[in-house]
Amino acid sequence: MDATVFIVAATIIMGGAIGVVLSRNPVHAALFLVGTLFGVAVLFVLQDATFLAAVQVIVYAGAIVILFLFVIMLLGVDRAEDLGVEPIAGQRPLAAVIGASMVGLLLTVLLVAVDGPTGKSATTAPLGDAGGNTRRLGEALFTDYVFAVELTALLLTVAVVGAVVLSRRVTGPLQPIPGPDPRSEQSGDTPDGADRAEEEAAQ
Amino acid sequence: MTVTTTWYLVLAAVLFSTGSVGLLVRRNPLVMVMCVELMLNAVNLTFVSVGTHLGDLGGQLAVFFVLVVAAAEVVVGLALIVAIMRRRPGATADDLSLLGG
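Protein chains in written order, with my numbering: chain A, 0 to 202; chain B, 7 to 107.
If a hint is listed, it holds; no wrong ones were tucked in.
Some chain A residues close to chain B (C-beta under 8 Å, calculated; not the full set):
(1) VAL19
(2) PRO25
(3) LEU32
(4) PHE67
(5) ILE97
(6) LEU110
(7) LEU154
(8) LEU155
(9) GLY161
Where chain B lies over chain A, by a calculated footprint (3+ residues, C-beta under 8 Å):
(10) 6 to 18
(11) 33 to 39
Just the calculated beta-carbon pair ranges, DEER-fashion:
(12) B:THR10 / A:ARG23: 33 to 43 Å
(13) A:GLU85 / B:GLY96: 16 to 26 Å
(14) B:THR8 / A:LEU155: 36 to 46 Å
(15) A:THR156 / B:VAL88: 11 to 21 Å
(16) B:PRO95 / A:VAL96: 31 to 41 Å
(17) B:THR12 / A:MET0: 10 to 20 Å
(18) A:ARG167 / B:THR12: 47 to 57 Å
(19) B:PRO95 / A:THR49: 35 to 45 Å
(20) A:HIS27 / B:GLY96: 15 to 25 Å
(21) B:LEU86 / A:THR3: 40 to 50 Å
(22) B:THR8 / A:ARG134: 19 to 29 Å
(23) A:GLN90 / B:GLY96: 14 to 24 Å
(24) B:LEU104 / A:VAL145: 40 to 50 Å
In case anyone wonders, no lab produced these hints; they're calculated from the structure. Everything numeric in this text was worked out from a predicted model, so none of it was measured. Even for Gly, the Cβ is constructed at its ideal location relative to N, Cα and C.
Based on the sequences and whatever the hints tell you, model everything.
Here is the structure:
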């Protein structure tokens, strides 16, 4: 039973991954990515990591892929890319060689050199049965790892502020506005909507 | 036939390498970020598998933080791509060589 689930999930994961790499259309790549993420969520369930499986589906498939699709729609880059051209000579054979040797190295390190994962079982945060998985994760996060949780809160705040600043409509030397700059006498204090209306009127 | 940790590790290694090959081959920045997500998922799978193997909650805790950092990374990366694409529509990774000298 477990083996069947694993094989089906692994097939979905690898099919999705190859689809992401090979699909010519970014929208198709995003949809293949959903398959891979769901497959990984299935494997999390198979290993009794139920909370992470739920978070995987909600955060990755529900938020990150939607963000990808939003950006694809916003930029209108959903036209197919011509994969036939190879801009740098020898790029693809070299990438294939690097990929194959990376598989070899990872398998050697993970399976042969150290004879599988080694180490001591934890005494501070033991892994119990699946039923209390969420409870144990929460207890560990808000006691032993509370400082890291606070840091991730700070990281998310910085990321949100950075995204807002980066995607703000600014005028720079690469994008000159025809006609007199309406902000030269107002020191850029006009609201964004008014700016955009003036830009469009000027064009 | 029981599923051992080795199965998960082999799958994660292949998935990671697929993502890295995609990152090397593709030129669309959006697809490149997706390939980075593939690699992060492979690492998450490794964390959970080894954590289960050792009976340790630490693997799942690491995956939790990786998820948060991946979300932040995608947000900033996509904002950068939007900012670049506004100035140069249809830019690929090869076109962004301004710092290359």
